[in-house]
Amino acid sequence: MKTTFLDFEQPIAELEGKIEQLRFVQDDSAVDISEEISRLEAKSLSLTKDIYAKLTPWQIAQVARHPQRPYTLDYIEYMFTDFDELHGDRSFSDDHAIVGGLARFNGQSCMVIGHQKGRDTKEKIFRNFGMPRPEGYRKALRLMRLAERFDLPLFTFVDTPGAYPGIDAEERGQSEAIGRNLYEMAQIRVPLIATVIGEGGSGGALAVAVGDALLMLQYATYSVISPEGCASILWKSADKAADAAETMGITAPRLKSLGLVDRLVTEPVGGAHRDHRAMAVALKKALQDQLKQVTTLSPAELVERRMERMMSHGRYKEISLH
Amino acid sequence: MSWLQKLLPPKIKRSEGVRKSVPEGLWTKCPACEAVLYATDLENNQNVCPKCNHHHRLRARARLDLLLDAEGRFEIGAEVVPMDPLKFKDGRRYPERLAAANEETGEADALVVMQGAIRTAPVVVACFEFDFMGGSMGSVVGEKFVRGVRAAIEQQAPFVCFTASGGARMQEGLFSLMQMAKTTAAVTQLAEHKLPFITVLTDPTMGGVSASFAFVGDVVIAEPGALIGFAGPRVIEQTVREKLPEGFQRAEFLLEKGAIDMIVDRRQIRDKLVSLLTLLQRVPAVQ
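Respectively, the protein sequence lines represent chains P and X.
Its first residue numbered -15, the first sequence is counted upward by one per residue in my numbering.
Its first residue numbered 21, the second sequence is counted upward by one per residue in my numbering.
Looking at chain X on its own, in the form it has when it is part of the complex (with noise of 0.2 Å):
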């Protein structure tokens, strides 16, 4: 760095949506109607946009708060954390990484799996956890995933996953492609015990997460907008050598396309998720 550049005050950056928590009196820009917004209004929104509905990304923790009842939660499988089996190392080493991922989001990997009830409905939910390494799928995620339906099928309880995730995670190699076979084994015991399985897509839903467990759902919902699909929009480009159709690979697209069930609103998919579970189980509604 040269001494004038020193001496001049660094340039502000600009945040790109509301990845991490903002502090209280920021203001935020949506980045998809460009509409400057007070980040309050937009938490207290579930952070989507209240211009123009745009779905900003949510927290594994944030989202697991605003689904489940707030009595009779109970975390499982964090007593599972990642280990580096091939001492895996480019520039920088997977448990630098790891400790980086942790620090950033408190999460000891990418994905959150609580037990609790919506409107006392029991249900195990699952949710990744994109912040932390692009919610990439490793043993610990696989594990807690499988976890997770354990208790469900204990319980007699749906599985719910919502999903956010790069794909499989790079640094634990075949054992994440294994993760991929390990998940959607375990998915087919719920269909076994007659337990609706439910998958949510959230932005992005990509590579291994997306080609595993994520469209076996018994009911398959994607949030509005969210990318979903298996091979990232830069390499289809490069290998296709063409622009890419407008909204591809968008829920909307998807939903035409006949892949997914439904899109619904974030705001609405607590009741959602209670009219599909209460039908599939043949339970009076609740009210």
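Pulled out of the complex, with its shape left as it was, chain P reads as follows (with noise of 0.2 Å):
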């Protein structure tokens, strides 16, 4: 796969055009330039390094959004095992831009859900961008029950611009649909562990993300609103996203940093979607983890934690009224 560059990545993408040609013409050369080759390939991954080292918020965005970033059914193929993908909310349809399943994960039987973006166009149509519809959220919900129902831990992944702003899903009770879910994700009686992966876009992501613990991928993004949503609103002109991406703070050290992320998962160099496959291996070895820690709790244990998660969440001062 021919890696798209982003904006930013322009000076490695120009490093790498030039890679490609030499290797092209490397057969019918005299001389031998493999050694050129192998010192431009180090230049590129120092190149690489320096840029990602150094990237904006806004530009964390951009990398979130890629689009040859790693989506949920990436990760179940490279994380799991036995997947059966299980459809609908039994009352309206089944919604492409949430997936779920059960599944094993080191052998052990468990429940995965996530958002699910297409890579081509017409993916990206059948998946509606990733952005779930209320059917969706009902979906998520009956799979967390099926769950609970026989003890199965569930893992969620969270890669969404947002809930679709749509005539038929507010006609269907988006917000009804979401409410639901953080109503009964509080009250789930097995381990809930949520990762943002790619996009955390507010309301739409959080109604699969309220668990035992919240996960980040390095350049994964998590906000209450769209940095341009957030631009043209405050703003009034999209063109300022940068700022409000920057200011918002939606990037995983930020939010780590805030108390509101548990763990930062390293993507390797140049972003998740070089390394398929090394950004799978890290992410399971942090979803072991995570997973080890919450195993031992009973299920009231586990619930009550989760409830002294959701009320720690806030920052206020208190005055003394007297």
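Hints in this document: simulated from the structure, not taken from any laboratory.
Glycine included, C-beta positions come from ideal geometry on N, C-alpha and C.
Do not rely on the hints blindly, as some may be mistaken.
What the hints assert, rightly or not - A partial selection of chain X residues facing chain P, derived with a Cβ cut-off under 7 Å:
(1) Met103
(2) Phe195
(3) Ser230
Make one complex out of these two single chains by using the hints.
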């Protein structure tokens, strides 16, 4: 797969182009240019490291939305076995923007749920760009309850621009569907470990992400509103998205330092899209650790701990009224 | 400004509705029926237009005043005040916006919670103040809400919330998003104690407030004509590129779609709440 380069990666793209050309002529060349190639490859790697070490929050948002970034089904393929996808909300339809099903994690039965985006135009439309409608959230809830009935741990993967803002979604109760999930997830009696793998878009993300641990990939984002949305409301111009991304605090390191994320999972050099397998290996290790921390708890302890977690969120001052 | 403009008298600004309390003696025009109303008449009618029944917005404390018995009121969570965890800045700094909203409303944040009684039946009521940064939900709103729920459990009293909010507060970033999870998790405790939780959705109830505890009430009520939804009409129009149907996302539309239990006129809400709460709690009717 040929890597798609983002705007700020253009110096890397040029270098990679040069390497590509040299490789092409290498076979016919009388002189040995392999040394030159490996020199350029090393340069490309260090350039990538340099650029990625200094990404702005807005650039990170671009990486989180990278068209080649691994999606939920990619992670399922790399980290789980025996995946049996389960479909439908049993009352309206099957939402393709959310996938879920039974699987094995290191041999152990579990339930996996996640947003799913599409790669090409046709698939993007089929997946509605990863923007679920109420039936998607209701399918997710149905699978969570199924997991609870059979004592299966839950893994959820977050990657959505947000819940779908459409007429049909409103008519079928988008608000209720999201709110209901928040309500039920607060009480579910099995471990729930959520990971933001790409875009964590507001309520549409939160609706599958209330749990016992929240993980975030290094270049994933999680925010209350998209930087563009925030900019167009507060600056009256979507062009100020970079400023909005900066001040809102949407990146994994910032959210970790604010105590809103439990664990940051480091991505391969140049982002998860450069090496899906390596990313999956790193994430699987993190999920294993996280699961170990909660499997010893009884269902009652689990729910109580989760409740305390939810109640601890927020920053405010207390003043004396007298 | 040119010297000519300076000489001309400033244009008279038309006030929209009666969002701010109108000084006595002023006339106001109802945006729904365009009737010119004497402000006092409107106020005496709970801010409902006497001509067309249009429900104008109502300030949080005015609503609590109309709802709760005069005796035994006690405010909850007044000690909780906002801070600026992100050092948020757009054109203006967040603390400046907070100060301006405080100046305008007299409130420290966008939720007022009171313990009291309706026709002697004890209750805890949380009321959103829309005039405080669009009733947006940040850390203080979430915490006050939770303290209200806790007080209800301690008092073995039902919990009622009147919503009026544009959604989550952007200036507190992900902390605001987490208030959705926090408030909704809190209301699960009411069910555990068999205490009724009723929501009354007033104009407008959108975004993060709509998509959290608003629709998980044991009974969900709306005020006539209230705009209620997840995404704002403008965002939807931009997404689907078609004109929205007449009355879309209005209370009447939601009732039709099965999203809410009933629409109740503001002037009947006291009686309706007493009736529902006594029925749910299996206690004799209040005379």
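Hint check: 7 Å Cβ-Cβ cutoff, Met103 (chain X) to chain P: The hint holds - Met103 (chain X) has a Cβ within 7 Å of chain P, the shortest such distance being about 5 Å.
Interface hint outcome for Ser230 (chain X) [beta carbon to chain P under 7 Å]: With a minimum Cβ separation of about 4 Å from chain P (threshold 7 Å), the hint on Ser230 (chain X) holds.
Interface hint status, Phe195 (chain X) versus chain P (Cβ within 7 Å): Hint on Phe195 (chain X): holds, closest Cβ of chain P at ~6 Å, below 7 Å.
Of the numbered hints given earlier, the model fails none.
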